[in-house]
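K.L.:
Read off the chains here:
2 protein chains.
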Amino acid sequence: MILEIAQIDVKAGSEAKFEAGVKNALPLFKAAKGCSGLELRRSVENPRRYRLMIQWATLENHTVDFRGSPDFQKWRALVADCFDDAPQVEHVTQVLKGF
Amino acid sequence: MILEIAQIDVKAGSEAKFEAGVKNALPLFKAAKGCSGLELRRSVENPRRYRLMIQWATLENHTVDFRGSPDFQKWRALVADCFDDAPQVEHVTQVLKGF
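Protein sequence lines, in the order shown, are assigned to chains A and B.
This note's numbering puts the first residue of the first sequence at 111, with every later residue one more than the last.
This note's numbering puts the first residue of the second sequence at 111, with every later residue one more than the last.
Check the hints yourself; a few may be wrong.
Identical chains blur together in the list; that is why a pair holds if it fits in one copy or across any two.
In silico DSS-like pairs for lysine-lysine, Cα to Cα no more than 25 Å straight-line [stated by the list, open to error]:
no., residue 1, residue 2
1, K133, K207
2, K184, K121
3, K133, K184
4, K127, K207
5, K121, K207
6, K184, K207
7, K121, K143
8, K121, K133
9, K127, K140
Hints listed in this document are in silico derivations from the structure and should not be mistaken for laboratory results.
What you are looking at is a predicted structure, and each value in this text was computed from that prediction instead of being measured.
Throw the hints in and build the complete structure from the sequences for me.
P.N.:
Shown next as structure tokens:
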């Protein structure tokens with residue numbers, strides 16, 4: 111299991127549009143191979159910064175299967191014009207589940 | 111509920127020591143006011159980069175109560191010499207629980 115963490119800074123004033131875009135994109139992620147969870151979080155310190163956190167069974171389910179699919183283009187069409195910069199995407203594995 | 115995301119880059123070769131330090135610090139976090147969860151994740155793209163993700167009831171439980179407590183000094187004593195840079199700490203709230 112891999113967690114994708116995408117740090118996304120949106121343009122001032124586009125926060126509501128971005129959040130709606132993510133909500134409207136949920137069926138795309140629900141249908142994506144290996145995708146088992148999605149949540150959107152917003153920074154307290156910088157409210158134009160979001161963290162989109164998506165669970166994938168494997169790295170390739172995100173980087174190959176989803177990014178290579180037509181649904182990736184649909185996803186980007188829903189939110190890309192809100193982006194202030196290119197999203198910073200990183201994948202993390204759990205090494206310790208404390209409690 | 112607030113999620114603290116601390117991005118921590120550790121010195122080359124200190125990964126195992128850092129992971130053990132976090133494990134040994136678990137009682138400090140379990141005892142901390144408002145702290146309800148902790149997990150440690152490691153970057154796939156940059157294996158010296160970790161994300162320590164800690165659940166707090168309120169922002170102040172982290173920034174005031176924990177950071178102002180003697181246990182914060184004990185926590186740092188366990189891991190600080192592994193740090194390659196100062197940790198980058200941000201707090202996020204959930205705005206959408208997709209699935």
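K.L.:
Decide, hint by hint, whether the structure agrees.
P.N.:
Cross-check of the supplied hints:
For the homomeric pair K133 and K207, the shortest alpha-carbon distance between copies (9 Å) is at most 25 Å, but the shortest distance inside one copy (29 Å) is not. For the identical chains of this complex, K184 and K121 are intra-copy neighbours only, at 20 Å inside a copy versus 40 Å across copies, given an alpha-carbon limit of 25 Å. Only within a single protomer do K133 and K184 lie at most 25 Å apart by alpha-carbon distance; the minimum there is 13 Å, versus 42 Å between protomers. In the homo-oligomer, the alpha carbons of K127 and K207 lie at most 25 Å apart only across protomers (17 Å), although the nearest pairing inside one protomer, at 34 Å, exceeds that limit.
Only between protomers do K121 and K207 lie at most 25 Å apart by alpha-carbon distance; the minimum there is 22 Å, versus 35 Å within a single protomer. Taking the shortest Cα distances, K184 and K207 sit within 25 Å of each other only across copies (20 Å), while inside one copy they are farther apart (34 Å). Taking CA atoms no more than 25 Å apart as the test, K121 paired with K143 passes in neither setting, with 30 Å inside one copy and 36 Å between copies. For a Cα distance limit of 25 Å, the shortest separation of K121 from K133 inside one copy, 18 Å, qualifies, whereas the shortest one across copies, 39 Å, does not.
When the C-alpha separation of K127 and K140 is checked against a cutoff of 25 Å, the pair qualifies only within one copy, where the shortest distance is 20 Å, while the shortest distance between copies is 38 Å.
Comparing the model with each earlier hint shows a violation of hint 7 alone; every other hint is respected.
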